[in-house]
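*Asks:* Residue-level listing of the chains:
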Amino acid sequence: MQDLNARYVEAIDDDRLEEWPEFFRADGRYLVTTAENVSQGLPIGLMSANSRAMLRDRIKALRQANVYEAQRYRHILSTPRVTAENGELKARTSFLVARIMHTGETIVFATGCYRDRIVRDEDGVMFAEKTVILDSRQIDTLLAIPL
Amino acid sequence: MQDLNARYVEAIDDDRLEEWPEFFRADGRYLVTTAENVSQGLPIGLMSANSRAMLRDRIKALRQANVYEAQRYRHILSTPRVTAENGELKARTSFLVARIMHTGETIVFATGCYRDRIVRDEDGVMFAEKTVILDSRQIDTLLAIPL
Amino acid sequence: MQDLNARYVEAIDDDRLEEWPEFFRADGRYLVTTAENVSQGLPIGLMSANSRAMLRDRIKALRQANVYEAQRYRHILSTPRVTAENGELKARTSFLVARIMHTGETIVFATGCYRDRIVRDEDGVMFAEKTVILDSRQIDTLLAIPL
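Chains as they are written, first to last, in this note's numbering: chain P, 83 to 229; chain U, 83 to 229; chain Z, 83 to 229.
A few of these clues could be false.
Copies of the same chain look alike in the list, so a pair counts if it fits in one copy or across any two.
Heads up, simulated DMTMM-like pairs for lysine to aspartate or glutamate below, C-alpha to C-alpha not over 25 angstroms straight-line [claimed, not checked]:
# : residue 1 : residue 2
1 : Lys142    : Glu167
2 : Lys142    : Glu118
3 : Lys172    : Glu118
4 : Lys172    : Asp109
5 : Lys172    : Glu187
Don't read these hints as lab results, they were simulated from the structure. Predicted, not measured: the structure shown is a model, and the values here were computed from it.
Next up, chain P with everything else stripped away, as it sits in the complex (with noise of 0.2 angstroms):
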């Protein structure tokens, strides 16, 4: 199952943007926060979406506004923790998130970490929730693209 984020992070580095959504359950949650408002007990996250539907809306918009291919993205995975509990697993991971320009220059883009909850139904292993919590306070450009 630790496998998912592996495949998840692969499809968005891949600019496979289309199948993100697909790794969500129909009523899957997707919550982009930062780690100054979860430390601050602040529940509500700053971009947040309900359904596997408003996922593919957000990726068609994303697609139509043409911002995502002008640099690429490269998600490394540091070492999971997870923890069963009644049927689902929950899994805590950080990430580093790289920017790779035109130019060639790489920087680092995001840090944080993902706070999942993973359920394996008919359709396979997927996220019922995924909760990306950023360490850095400026995320306005980071909103622009799945994380």
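Once you have looked at the hints, place chains U and Z on chain P.
*Replies:* Quick look at chains U and Z alone, frame taken from chain P:
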């Protein structure tokens, strides 16, 4: 057992530094050195502690000096190399630490390798010894925080 | 078997380059290319070797040119994706290479993905083929060292 390092770096990145000494056995050793020192056969670390009690004192001093909270850290762990030997595990794990400033800027703060001796006793799985080998020679600022 | 890449990058990062060819089968292939080339369907790598003997020659040349020792490298491996097929394993592993200069400055030197065919024969587990797909197009300096 490879979960141990994932939990260890999570405690650091979440600023739960008081938990840091508890990942070590009561007589656990913690050393910080550089790759240059290791390659020259210099056995002495630039910072070392020989007990959990020393690590606890260090965190207290760190909290009083209040140096830690100005920024965030994110550890990314590479695939570990684990070998079993005489009832304990030896693990080598490359790591990268990103530092996230208040401005949102993120840099590669440190890289290196953990060389660990990991034991299981009545209190659980913990470090009998952790040697942090830093790639950079400039480690003044690195010594201020747990690595 | 996923240990193979951990041992492989450790040999590079520890400057034990003479061990590098030994991770390949005698008729093992090593290719370096770019994500741009792969997405355009260009089959030819920018650097390729078709045998362990060629890799050994390359290390000899590298040692004579003495280019490698001016700085250190640190490979960080992401979670691999492994599939079994016809008695061999196929693995995809994202990686990040940090470069640590003598000044202590550390930068993200390269990112990309390994696509490996891994086999087990009488000599152990090794690469039948390793393709290094770099995210950046600017790979002149990248070709100098094993990746």
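*Asks:* If a hint holds in the structure, say so; if it doesn't, say that too.
*Replies:* Against the structure, the hints come out as follows:
In this homomeric assembly, Lys142 and Glu167 never come within 25 angstroms of each other (Cα to Cα): the closest approach is 35 angstroms inside a single copy and 35 angstroms across copies. Proximity of Lys142 and Glu118 under a CA criterion of 25 angstroms is satisfied inter-copy only: 23 angstroms between copies versus 30 angstroms inside one chain copy. Taking identical chains as interchangeable, the C-alpha atoms of Lys172 and Glu118 lie at most 25 angstroms apart only when both belong to the same chain, with a minimum of 22 angstroms there against 36 angstroms between chains. In this homomeric assembly, Lys172 and Asp109 come within 25 angstroms of each other (Cα to Cα) only inside a single copy, at 17 angstroms, whereas the closest approach across copies is 33 angstroms.
Proximity of Lys172 to Glu187 under the C-alpha cut-off of 25 angstroms is found in neither arrangement, the shortest distances being 36 angstroms within a copy and 30 angstroms between copies.
In summary, the structure is inconsistent with hints 1, 5 from the numbered list given earlier, while agreeing with the others.
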